[in-house]
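Protein chains: 2
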Amino acid sequence: MDKIQMKILETTSLTEIKSYLNRPSNMQEDVSKIVREIFEQVKEKGDNAVRELTLKLDKVWLDEFQVTEKEMLASMEEVDTELKAAIRQAKENIYKFHKAQSPANISIETMPGVKCWTRWVAIDEIGIYIPGGTAPLFSTVLMLAIPALIAGSKRVAVFTPPRQDGSVHPAILYAAQLCGVHEVYKIGGAQAVAAMTLGTEQISKVDKIFGPGNSYVTEAKMQAILRGVAIDLPAGPSEVLVIADKTADPAFVAADLLAQLEHGADSQAILLTSDAALALEVNRQMQVLSANLPRRNVIEKSILHSFTIIAKKELIPELANHYATEHLIIQTGNNEFYLEGIRHAGS
Amino acid sequence: MDKIQMKILETTSLTEIKSYLNRPSNMQEDVSKIVREIFEQVKEKGDNAVRELTLKLDKVWLDEFQVTEKEMLASMEEVDTELKAAIRQAKENIYKFHKAQSPANISIETMPGVKCWTRWVAIDEIGIYIPGGTAPLFSTVLMLAIPALIAGSKRVAVFTPPRQDGSVHPAILYAAQLCGVHEVYKIGGAQAVAAMTLGTEQISKVDKIFGPGNSYVTEAKMQAILRGVAIDLPAGPSEVLVIADKTADPAFVAADLLAQLEHGADSQAILLTSDAALALEVNRQMQVLSANLPRRNVIEKSILHSFTIIAKKELIPELANHYATEHLIIQTGNNEFYLEGIRHAGS
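Residue numbers (this note's numbering), protein chains in the order written: chain A, 964 to 1310; chain B, 964 to 1310.
Each hint should be verified, as a subset may be incorrect.
Copies of the same chain look alike in the list, so a pair counts if it works inside one copy or between any two.
Said to hold, decoys possible - Each computed EDC-like pair below joins lysine to aspartate or glutamate, with the alpha-carbon atoms no more than 20 Å apart: (1) K1171 x D1195; (2) K1117 x E1303; (3) K1062 x D1208; (4) K1054 x E1072.
If you're looking for bench data, these hints aren't it; they were derived computationally from the structure.
Whenever a hint applies, use it, and build me the whole structure from the sequences.
Here it is as structure tokens:
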């Protein structure tokens, strides 16, 4: 029962704290080699290579990769009403936020007779990778497909690993429809990225690849660059940094940490606080909240490289900048202090 | 004398034309291995590795890499007045154009009680790579350092290969000072990228690396990503696509093509036109204009993989999209027609 506990580190040495804040390095020679071979296979044998890799890795043989219109329609029935309403609400919110960010064209005369202007143009063909596994990441579908919808991309194709019965989770299909996704393919892993990059009989190549994935998918995206296809960014394992003080609700802090820890065994969650009592209470709450979580087994692994650092308030922005987290959550009585000092974070 | 000639290709088959429009692939196993070794050396031996590589590749031994304040000041004297005025004018123009593009923060309420906002933050520490060679690329200094200046980056460090006497071209130093660059280092090649990525005794690591370079520099930037440092984009060889019709001045078209061809032996220049007479006249002008160019020997090589395609006007936007050029130049009587149809181009 005491497995779900964050190690608590406390020191006044900035250098020492910084040394804790390193994430595991990700240089994997053999991943690179395996992915290169997958690209070669897909280049040579096209769909057949994808079929064989899908059988080997996802345990299902597929003649056709694309989700049919019938399957798309069926998803409308299969997702329960409450979840559908939540997905629709999320779509509305994400749409509004991205629509407000649409960039404007500018036009200025830098010197008499020299007119300089910008013209934003949507990327024509987008490939979106949605990881498989036990959690259907329809949220990722929403967050990647909606900007493409707003920009006006001509073709948005989602790639996601099939389940063993050859289907895709209906919540993913429901979200895809809602965002105007044009095609969904039952292909996962590096072979999906290779197919988007090179094209096969059933799949036309895309201009740019978006989306998270494991180390094989990430390596495949890096190799896609070398073959002339753009990518969003090389995603590492999921991570969160929570900054909290004594005004924070320990249950909320614990929930935020757990939400990231359940992503994968390689996820990392860090709590930065100046309050030792909060650190202990968050640990207690993590135990309570994780007791019945279906993904508790994942959390038991990812908690091993996660920890709490107790540090002086003044040092916290610098530590946060040093780590430069993917996800940053601030729960304090003086959020502005941290916001002003923090310059490096994803979202 | 007839060496500086573009091959003229003419066909009505779109598929055939598209097959011409491929650029040479850039998968170089041995470049990757050499660069990995350079990273290992710099990681292990720091400045000493950089010194040895600089001696080997740039033929000069440097104890100190950073350009001194004295050298910076001397550049003010060494650059002639006319060039200084031109650099200042360019700085003004580039500054105005980028300033006008400064992104605005947004803040919206996506649903009652849920406030979503963006906050743009400058990247703290920037490394800019400026290629060496015979042409001092002070224009690249301007185009990369000015956005960092506008954004408010805390540290902008320029890296450029030393000349054999251990100096840096004064025009580069003059441009750097004008843009508020904080440090200039006499280091080139993959060793510069490795030093920016890993840090050494004399060089602190940066957050993001910008700038063009040869295949070693580009490969090094790719390897920097794997070590946690961001890059702008992997730059290929320089290229230009010029679209011109019978209203274009053939001398201008020829000059635009030559300006790109003289970048490097691997540069590619393409002229797309519906007018066969223009194609011939451009070839004639290229001969005239290139006769006395100091970099004619470079052009003699790069012209070998450059060509003119004569195609129907209606096909030209699609062909341009297929090639998706780095630099696009349109010189026609109906520029709007091409602008509307072209969706893939750098600038």
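Here is how each hint holds up against the structure:
1. K1171 x D1195: both (7 Å within a copy, 16 Å between copies)
2. K1117 x E1303: This pair counts as between: shortest inter-copy Cα distance 15 Å, intra-copy 39 Å.
3. K1062 x D1208: Neither. Shortest intra-copy (34 Å) and inter-copy (39 Å) distances fail the 20 Å Cα cut-off.
4. K1054 x E1072: Between copies only: 14 Å across, 40 Å inside.
Against the hints set out earlier in the document, a violation occurs for number 3 only.
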